[in-house]
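Spelled out, the chains give:
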Amino acid sequence: MQYQRGRWSRVIEFLIEWLIRISGISAILFVFGIFFFVFKEGAGFLVTKWKPIEFFTSVEWYPTSLSNKRYGILAIIAGSASVTLLAMMIAIPFSLGAAVFISEFCAPKLKEVLKVLIEFLAAIPSVVWGFIGLMIMNPLIIKIFNAPIGLNVLNGGIILALMSIPIIVSISEDALKAVPDSYREAAIALGVTKWQMIYRVLIPAAKNGLLAGGLLGVGRSIGETMAVLLATGHAVQIPNGPLDSVRTLTATIAAELGETEQGADHWQVLFIIGIFLFSITFVINLIAYLVVKGIRIQAGDS
Amino acid sequence: MHPFQETIHSKSRQRKETYIKGLFCCMTIAIIIPLILIIGYMLHEASPVLSADFLLKAPERGMKAGGIWPALLGTIYLVMMSLIVAAPIGVMAAIYLNEYAGDNWLTRTVNLAVINLAGVPSIVHALFGLGAFVLFAGMGKSILAASLTLAVMTLPVIITSTKESLAAVPMAFREACWNVGATKWQTIRRVVIPNSISGMLTGFILEVSRAAGETAPIMFTGAVFYKAVEEGNLFAYNLTDQCMALSMHLFTISTQVPGVPEAIPFATAIVLLGTVLVINAFSIAFRIYLRSRKRW
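Read top to bottom, the protein sequences are chains W and E.
Position 178 (the first sequence) corresponds to 178 in my numbering; numbering is contiguous.
Position 225 (the second sequence) corresponds to 225 in my numbering; numbering is contiguous.
Looking at chain W on its own, in the form it has when it is part of the complex (with noise of 0.2 Å):
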């Protein structure tokens, strides 16, 4: 006798298999969703009155003034470029560092407690982070470098380092895991040391994965909101070391978008800003992404 399986557990392993189709492309949905839906506040105005030229290059914000409302963001942009650049020049050796200690010289049993203690620190909140940036370091940046304010370039540079590390040093030590065991044993066979080993082999054949996880902490760190906000002060200028403090294009709209009108031109202009974050943080991801299928294709060719 054939064993035959009712209608009804065959209509609901249609319905299931359809809803997991669905949600497996939701992901598509979701990034269009967010582009479209940002994108949908900010046309009136992109559409009407936006002058490009005016708004990449004019150091000029004055949402609110009365007479002459004037949109230009270039000194955002340099905050968050200022900002972004020093975090990834204190972040990017640490992680290298860190990562090569971690996959080639410690032990085994050092090598699990450090991973979980890095995972601790890319576990902590955005807003405490902030919150550690104007009650900790604020005071002690203006007792070191008798600053008249400790909210600055400085003191967010150094917040989101210790906040794009994790990230970068677990791609990193992916990376460098993913190099195989031949390589290094091929080098040590040489009688290189383990130094000369890392730096001429591994360092250069781990590069993609390297360079992606850089990618990765520089668009952590210019999307980072809460803690630039409460860091790096409120001041729109170009700065001029890192002392001055500074505005990030999302601190701008974290900060605006609660005392702006529905709909208002201002309103509009903060979700083109959101747009223009949109954009960079995809674009770097596109080329992360890039970047570290790339890695697979050499592995595969192999």
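Some hints here could point you the wrong way.
[To be verified] Calculated cross-link-like contacts (lysine-lysine; reagent style DSS-like; alpha-carbon spacing at most 27 Å):
1. 69(W) to 115(W)
2. 21(E) to 115(W)
3. 40(W) to 51(W)
4. 194(W) to 16(E)
5. 40(W) to 115(W)
6. 207(W) to 21(E)
7. 115(W) to 143(W)
8. 111(W) to 194(W)
9. 16(E) to 207(W)
10. 16(E) to 111(W)
11. 207(W) to 111(W)
12. 177(W) to 194(W)
13. 57(E) to 109(W)
14. 194(W) to 207(W)
15. 177(W) to 207(W)
16. 21(E) to 194(W)
17. 109(W) to 194(W)
18. 177(W) to 111(W)
19. 207(W) to 49(W)
20. 21(E) to 111(W)
21. 49(W) to 115(W)
22. 207(W) to 69(W)
23. 293(W) to 177(W)
24. 51(W) to 69(W)
25. 227(E) to 57(E)
26. 21(E) to 109(W)
27. 11(E) to 194(W)
28. 177(W) to 21(E)
29. 227(E) to 177(W)
30. 51(W) to 115(W)
31. 177(W) to 109(W)
32. 11(E) to 21(E)
[Claimed, not checked] Example chain E residues on the side facing chain W (calculated, C-beta under 7 Å, incomplete):
33. 24
34. 28
35. 31
36. 113
37. 117
38. 122
39. 128
40. 131
FYI, nobody ran anything at the bench for these hints, they're computed from the structure.
Glycine included, C-beta positions come from ideal geometry on N, C-alpha and C.
Chain W is fixed; fit chain E onto it per the hints.
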């Protein structure tokens, strides 16, 4: 001369290696130390007000005294709602990616989309939530809109970890099941999911910790500065209400309210940080436990 004897040259190379190892070790320590110092300092500053009462009482006198109960409860609501929405979608998406999808352009696009979704700045998620849920879908600023925004934001966490745990189930398990005549879905339901459920749970725990800490996405979609709720009542909020949240509360009392005694924001920060770290510790301990029991 003995052929393997150390020369001056090789000695200097060895020395260099020691220095470099030391340098890298210091760099690693330099990353870890701030974590410990900061937590220690914050605990010290927070100690005067940190107590069970602080967790269970509402803020008093314009947030200058009292506890954080409404914020704590709000965070629980937001996190649970976002998990309820994100978990099924994320798990099904991961099942699609791992079990159904072939190696084609659609799969690559989905993978790229997941990476991008994870990389979208939180403030852009906030703009999306405001545009899509609050305004377009007409939910208004509410727990519902805020937790949906959080769900979209944390979806990649669930997709990535579920995909990993599904991929860890050996192919032979599936083949054995297919060979006795089971359909694809029966195999997934009876064999693949039971064998990867614990890995999925770690993903859920991570989602919870991530959602609990986020501030920007809920700022404009449902979190408010202050809302009075009944102390000790777990069902004090409605889904259409606005709510307070721990992260938002920390931001508010450290920037918007003048004259708050320093211990209160420190204690709020410690509660938020402690919650997130404890949840993470759970997830890590669970992962280590699972690895130790893995039989294949």
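Going through the hints against the structure:
no.	hint	verdict
1	69(W) to 115(W)	violated (50 Å)
2	21(E) to 115(W)	holds (18 Å)
3	40(W) to 51(W)	holds (18 Å)
4	194(W) to 16(E)	holds (10 Å)
5	40(W) to 115(W)	violated (42 Å)
6	207(W) to 21(E)	holds (20 Å)
7	115(W) to 143(W)	violated (33 Å)
8	111(W) to 194(W)	holds (18 Å)
9	16(E) to 207(W)	holds (23 Å)
10	16(E) to 111(W)	holds (23 Å)
11	207(W) to 111(W)	holds (22 Å)
12	177(W) to 194(W)	holds (15 Å)
13	57(E) to 109(W)	violated (43 Å)
14	194(W) to 207(W)	holds (18 Å)
15	177(W) to 207(W)	holds (12 Å)
16	21(E) to 194(W)	holds (9 Å)
17	109(W) to 194(W)	holds (20 Å)
18	177(W) to 111(W)	holds (13 Å)
19	207(W) to 49(W)	violated (45 Å)
20	21(E) to 111(W)	holds (14 Å)
21	49(W) to 115(W)	violated (51 Å)
22	207(W) to 69(W)	violated (47 Å)
23	293(W) to 177(W)	holds (16 Å)
24	51(W) to 69(W)	holds (13 Å)
25	227(E) to 57(E)	holds (13 Å)
26	21(E) to 109(W)	holds (17 Å)
27	11(E) to 194(W)	holds (13 Å)
28	177(W) to 21(E)	holds (18 Å)
29	227(E) to 177(W)	violated (50 Å)
30	51(W) to 115(W)	violated (48 Å)
31	177(W) to 109(W)	holds (16 Å)
32	11(E) to 21(E)	holds (15 Å)
33	24	holds (4 Å)
34	28	holds (4 Å)
35	31	holds (6 Å)
36	113	holds (4 Å)
37	117	holds (5 Å)
38	122	holds (5 Å)
39	128	holds (4 Å)
40	131	holds (4 Å)
Figure legend: structure checked against the earlier numbered hints; hints not met, in rising order: 1, 5, 7, 13, 19, 21, 22, 29, 30.
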